[in-house]
Every structure is written in structure tokens, then in C-alpha cells.
Amino acid sequence: MAASSPMRQHVDTGKDSGDGDFKNELLALIPFLRAFARSLTGNQEGADDLAQETLVKAWQSRATFIPGTNLKAWLFTILRNQFYSDRRRAWRQAPWDQDAAERIPGGGEDQVFSAQLSDTARALRVLSDEQREALILVGAGGFSYEDAAAICKCAVGTVKSRVARARKALMEILDGDDSLEGVTRPAEGDAAREIMAQLDRLAPAPNESGEPGGKRRPK
Amino acid sequence: MQWDNTVSNDEKPNEKARAIRARQRAIGRELRRMYDDVAQEPIPDDFLDLLRKIDDAEDVRAGKKVS
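In order, the protein sequence lines correspond to chains A and B.
Heads up, the final residue of the first sequence is numbered 219 in the numbering used here, and it's a clean run with no missing numbers.
Heads up, the final residue of the second sequence is numbered 286 in the numbering used here, and it's a clean run with no missing numbers.
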């Protein structure tokens with residue numbers, strides 16, 4: 001990536017140790033941690049908290065980093081682990097409550113944020129976690145399929161198929177209708193049906209779940 | 220296939236494949252733009268503070284000598 005001004009900053013650590021070097025390498029990668037975190041969480045505040053937690057974890061674990069290996073991929077792995085473990089904890093502690101979220105100061109930020117987001121950004125939120133992270137790592141972050149597979153702890157072939165399915169699904173969402181409201185209309189294609197099924201599974205309100213969830217494929 | 224109902228059957232497959240690839244490239248550019256937009260934001264001060272503090276906390280906890 002092109003050097004931009006944030007990456008030219010340095011933290012004066014007051015010492016010349018390897019720790020100082022490590023810290024400056026962390027500093028240079030903060031912009032990418034923030035970008036990856038934003039794509040996972042979909043909102044700025046949560047993303048920056050996640051990126052900061054990642055920095056702390058990385059610093060505490062710095063002895064386990066093997067110099068000469070891919071620090072960026074190492075950090076992204078930590079960030080991804082942190083994201084899923086935070087979310088599991090959040091789910092255990094507080095079932096999602098839309099009304100409560102709207103009462104929290106700043107809690108409406110997600111909605112404002114989504115309203116300002118491009119269609120592509122909003123369509124990204126509809127993808128499964130697996131598809132979204134694979135697509136972001138490979139399609140936006142510039143990672144090889146191999147590095148993305150290591151970060152996501154899955155096989156290279158799995159990453160490839162997730163990226164391919166994510167691309168197909170995004171296109172169906174974006175071109176199925178002018179707006180994302182289109183995904184609530186009668187589904188027109190296989191990917192759209194899968195998305196509907198995902199939305200049904202994600203929906204917090206208990207509703208009739210007897211319907212078979214869009215697994216049919218056209219022959 | 221269901222989503223082809225409104226598309227005429229004599230559309231050339233190559234043209235369709237080309238159009239899909241072009242559309243995919245456009246979506247790819249949009250994804251990179253979104254990611255790069257965040258990556259190019261100036262690093263917020265609290266990140267810089269955190270990196271500074273992380274060091275102090277470590278020194279205090281480990282009783283490490285600053286050389």
C-alpha cells in the first residue's frame with residue numbers, strides 16, 4: 001500500500017530496544033487493523049475498540065511472533081479471534097434488544113452509519129460472517145488465499161469458494177433491485193433465497209421457522 | 220433458470236459472462252475503496268496514547284529496567 005501520512009508517524013518509546021521497533025511496526029499496521037475491524041463490525045466505534053484490544057493482545061503476545069513472518073496476517077488473526085470471542089460473550093450477556101440499543105446514547109450510530117453507507121457496504125452486512133471476512137481479506141485487504149486461509153483457520157479451497165460465493169451473492173443483492181429493500185421481496189434467485197434464509201436465522205424475533213430455508217437449487 | 224425469465228434466450232453467453240465480470244470488477248473496486256478509505260484515515264489519538272501507555276504498564280508490571 002502507498003505510504004500515507006498516518007504510517008509515517010512514530011511513537012517515541014524512549015528506548016532503542018526491539019520492543020520499540022515492534023511498536024513502530026504495530027503503529028504502521030493500525031490503519032489496516034482499523035479497516036479490517038470496520039468491515040467485521042460494520043461500525044466505527046466498535047471497530048476501534050476491537051482494533052485497540054487487538055493491539056493490547058498483540059503487545060502481550062509479542063514474544064510469540066516469529067520475526068520475518070507476516071506480522072499483518074498475525075495481527076489480523078488476533079483481531080478476528082477477538083471479534084468472535086467478544087461477540088460470543090456479548091450474546092451470552094445480553095440478548096440483542098433493538099429498543100435498548102436505540103436508547104443508548106450513540107446507539108443509533110449504526111443506523112445513521114448504514115444510511116450513509118453505499119449499497120455495497122450495506123450489502124456486505126447481509127453476507128454470512130465467513131463469506132464477508134474471506135471477501136474482505138482477499139478482495140480488499142490484498143491477502144493471498146493462503147494467508148486468508150491461515151487467518152480464518154480453514155482450507156485454502158474453502159476460502160476460494162467463500163470468496164466466489166460472496167461475490168456472486170453481492171452481485172445478486174446489488175443488482176436484484178435498486179435498493180436493499182429488494183431482498184425482502186420474493187426472492188428471484190438461488191443466492192437471494194440463501195440470503196433470505198440467513199436473514200431468517202439471524203432474525204431476533206421468534207417467528208414461524210417451519211419454512212424450509214431456501215436450500216433448493218435450480219437444476 | 221428462474222432469474223432468466225425476463226431475459227431473452229438469444230442473449231449471447233459470452234456477452235453475459237463479460238458483463239458479469241465487468242460488474243464483479245466494479246464491486247471489487249468499491250470494496251477496496253471502502254477498505255482503503257478507513258485505512259487512509261489519520262490514526263486516532265487514542266491509538267497513539269494506547270501504544271505509549273502499553274509500554275508504561277508493561278514496565279511497571281514487569282519491573283523492567285529502561286536502558
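Hints listed in this document are in silico derivations from the structure and should not be mistaken for laboratory results.
All values derive from a computational prediction rather than experimental measurement.
Some hints could be false.
[Claimed, not checked] Just some of the chain A residues that point at chain B, by a computed CB distance under 8 Å:
#, residue
1, Lys23
2, Phe32
3, Arg38
4, Leu40
5, Gln52
6, Ser118
7, Thr120
8, Ala140
9, Met171
10, Leu174
Note that the Cβ used here is the ideal one computed from N, Cα and C, for glycine as well.
* Taking each numbered hint in turn, which are not upheld by the structure, reported in ascending numerical order? -> 4
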